[in-house]
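Trainee: Same order as they appear, the protein sequences are chains F and V.
Numbering-wise, our numbering puts 125 at position 125 of the first sequence, and it's gapless, one number per residue.
Numbering-wise, our numbering puts 373 at position 373 of the second sequence, and it's gapless, one number per residue.
Hints listed in this document are in silico derivations from the structure and should not be mistaken for laboratory results.
Between beta-carbon pairs, the in silico distance windows are:
#	chain 1	residue 1	chain 2	residue 2	range
1	F	Gly77	V	Glu171	39 to 49 angstroms
2	V	Glu171	F	Glu105	49 to 59 angstroms
3	F	Glu45	V	Glu382	48 to 58 angstroms
Restricting the straight-line Cα-Cα distance to at most 30 angstroms, the calculated cross-link-like pairs of lysine-lysine (DSBU-like) are:
#	chain 1	residue 1	chain 2	residue 2
4	V	Lys310	V	Lys298
5	V	Lys428	V	Lys415
6	F	Lys120	V	Lys464
7	V	Lys260	V	Lys537
8	V	Lys458	F	Lys104
9	F	Lys3	F	Lys104
10	F	Lys3	V	Lys441
11	V	Lys218	V	Lys537
12	V	Lys48	V	Lys404
13	V	Lys458	V	Lys19
14	V	Lys48	V	Lys414
15	F	Lys104	V	Lys464
16	V	Lys23	V	Lys404
17	V	Lys494	V	Lys508
18	V	Lys441	V	Lys428
19	V	Lys448	F	Lys120
20	V	Lys181	V	Lys88
21	V	Lys441	F	Lys120
22	V	Lys414	V	Lys203
23	V	Lys458	F	Lys120
24	V	Lys415	V	Lys404
Note that CB positions come from ideal geometry on N, CA and C, so glycine has one too.
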Amino acid sequence: MEKRIRVLVAKPGLDGHDRGAKVVARALRDAGFEVIYTGLRQTPEQIAEAALQEDVNVVALSLLSGAHNHLFPKVIGLLKGKGMSDVLVIGGGVIPDSDIPGLKEAGVAEVFTPGTTTAKIVEFITANVK
Amino acid sequence: MSNDTLKEKLAAYQAKVDKAIAKFPERKNLMAERLCTPLDIEGFDYEKELGFPSEYPYTRGVQPTMYRGRFWTMRMYAGFATAEESNKRYRYLIESGATGLSCAFDLPTQIGYDSDDEVATGEVGKVGVAIDSLADMEILFDQIDLGKVSTSMTINAPASVLLAMYIAVGEKQGVSADKLKGTIQNDILKEYAARGTYIFPPKPSMRLITNVFEYCSKNVPSWNTISISGYHIREAGSTAAQEIAFTIADGIAYVEAALKAGLDVDAFAGRLSFFWNAHNNFFEEVAKYRASRRIWAKIMKDRFKAQKAKSMMLRFHTQTAGSMLTAQQPMNNIVRVALQTAAAVMGGTQSLHTNSKDEALALPTEESVQVALRTQQIVAYESGIADTIDPLGGSYYVESLTNKIEAEAMEYIKKIDEMGGAVVAIEKGYIQREIQDSAYKWQMDVEKNNRIIVGVNKFQVEEKPVEGLLRVDASVGELQKKKLADLRAKRDNKAVQESLAALEAGCKDEHVNLMPLIIAAVHTYATLGEICGVMRKVFGEYESHVNL
Chain F
1 MEKRIRVLVA KPGLDGHDRG AKVVARALRD AGFEVIYTGL RQTPEQIAEA
51 ALQEDVNVVA LSLLSGAHNH LFPKVIGLLK GKGMSDVLVI GGGVIPDSDI
101 PGLKEAGVAE VFTPGTTTAK IVEFITANVK
Chain V
1 MSNDTLKEKL AAYQAKVDKA IAKFPERKNL MAERLCTPLD IEGFDYEKEL
51 GFPSEYPYTR GVQPTMYRGR FWTMRMYAGF ATAEESNKRY RYLIESGATG
101 LSCAFDLPTQ IGYDSDDEVA TGEVGKVGVA IDSLADMEIL FDQIDLGKVS
151 TSMTINAPAS VLLAMYIAVG EKQGVSADKL KGTIQNDILK EYAARGTYIF
201 PPKPSMRLIT NVFEYCSKNV PSWNTISISG YHIREAGSTA AQEIAFTIAD
251 GIAYVEAALK AGLDVDAFAG RLSFFWNAHN NFFEEVAKYR ASRRIWAKIM
301 KDRFKAQKAK SMMLRFHTQT AGSMLTAQQP MNNIVRVALQ TAAAVMGGTQ
351 SLHTNSKDEA LALPTEESVQ VALRTQQIVA YESGIADTID PLGGSYYVES
401 LTNKIEAEAM EYIKKIDEMG GAVVAIEKGY IQREIQDSAY KWQMDVEKNN
451 RIIVGVNKFQ VEEKPVEGLL RVDASVGELQ KKKLADLRAK RDNKAVQESL
501 AALEAGCKDE HVNLMPLIIA AVHTYATLGE ICGVMRKVFG EYESHVNL
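Taking the hints into account, I'd like the entire structure generated from these sequences.
Mentor: See below:
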């Protein structure tokens, strides 16, 4: 049997708004993925460690506080440091269009902004997971 | 027409439209009836269910004159970057006609960390202003007369500390505490359930809240000591009925905690205030506000035996729904906000914040904030909506919807009572799960086009990138760090340590009211992080558990 895709949904930083993260987590689970949600206020170190321990294929970061330019690249750097360069990292939340190229350069595969359907996220993961 | 004739006529009407209706299957998740008649409010008793404004059960409003006497407070939520920047925005808003201030704090401040704390990196000044000590607070209210404005502070876990700073600034301006007017949000239960900016476990959090109730009832009598907030519960995805049910259940928990601490209900209940969302379904929202007033009045009278009229009145601030604004075609948000504003005013709000069109993208710019404020002013001065009190009162539809929402909310409140109250229901994850389920259902409804969001799943256009968004300069964090280093070098550190030691001793004795100790610490320029650090040490920190 093929191994199921494992996704870590994480909220880095201090932002407590997790409606989107929880909805996405549930939609991914309903789509047949194995989903782990870290809960709120995770440091980049905690997220990278959880990704390693849970042996995930995907890390989905959600952030609405505006600290994405600092926190997303930091998580990616730590993942690489732990030898998880093949983990697909995606991001979502209130993220201005103008920040997206920089985040992609830092290694975020795709950024999903408000109005995105969960179906689109499922589709993206299925098509891009390594 | 007698009811029997009406029933006959209604049946005939129903038969006539059934065929037509079958052709247009409509959204199933509506609370609304297609057509309302007197049958929907059979047995309606004006005196019992509505009464007059300012009279029990307050369905029609809490003030006798409502907006013909004075408009609601137009209170725009603002704050970003440094105290200096936010002070400028506040003065701009006051010059533009805002009649109250509403302070947004950044996340480190809301969670009791100083700007130079490692966890604050990247977050300083982002979603609100960074306040590290009394020194920042003095700048925040520079040239703003605290004796004249009323200030609302969206601060919860460290509310007692920020209130202490506000009292201290007042003192320095020569305004005594009994002249201060405003509100601290100070509602921790909804933080555990929906918003996430908690620090301590429920028990010490509830103690801090009742300490504030007690201190203010004696020393800051015009201060609203809590704003029990459904806003975030709704933003997290709840329905209208859940919004008021879970919030009122939290309110019950606060009243019980205060009674247990030995306070007299009429000594503090008049200073409890509420905070509601203004969502998109216009009539449902109007009915929600009306139902919430009636529910609270009944609970305060029957369950808690309040005697004073003011203890039974549900007074509320409203904010239009941020989660209903779309990143797509952001200009449409101006229209959404206008409708939400009309609902809040018809529902009898005491104060209102209108969101700006660009809030699904970033913090609002000065221009978009102005449009949002003008929206309130147009509703106030031009629309005529404010002329007549509770203008929708008596509508078959609005009255029956009010009854329906009241009944649904009471069903939830009963369930939570049976569980042992809101604290237990939150600890069990019940309230969180109910909210999550509603949020998920909403999202699926949108994805299946059972619910239309203009510009998102219908009437889409090719989006142009939005320009001119507000950006918070990344240097704010460094600036705050430098200010903190200077402060720590300049202040009397011995006095700081002594005040913190006294606070620590106070925390360990649950009979001590912590407010005077916090105020004393604030005066020595002890920082927010240091004060909350002492409380963290004694009280511990809350850890949430999520069941997806």
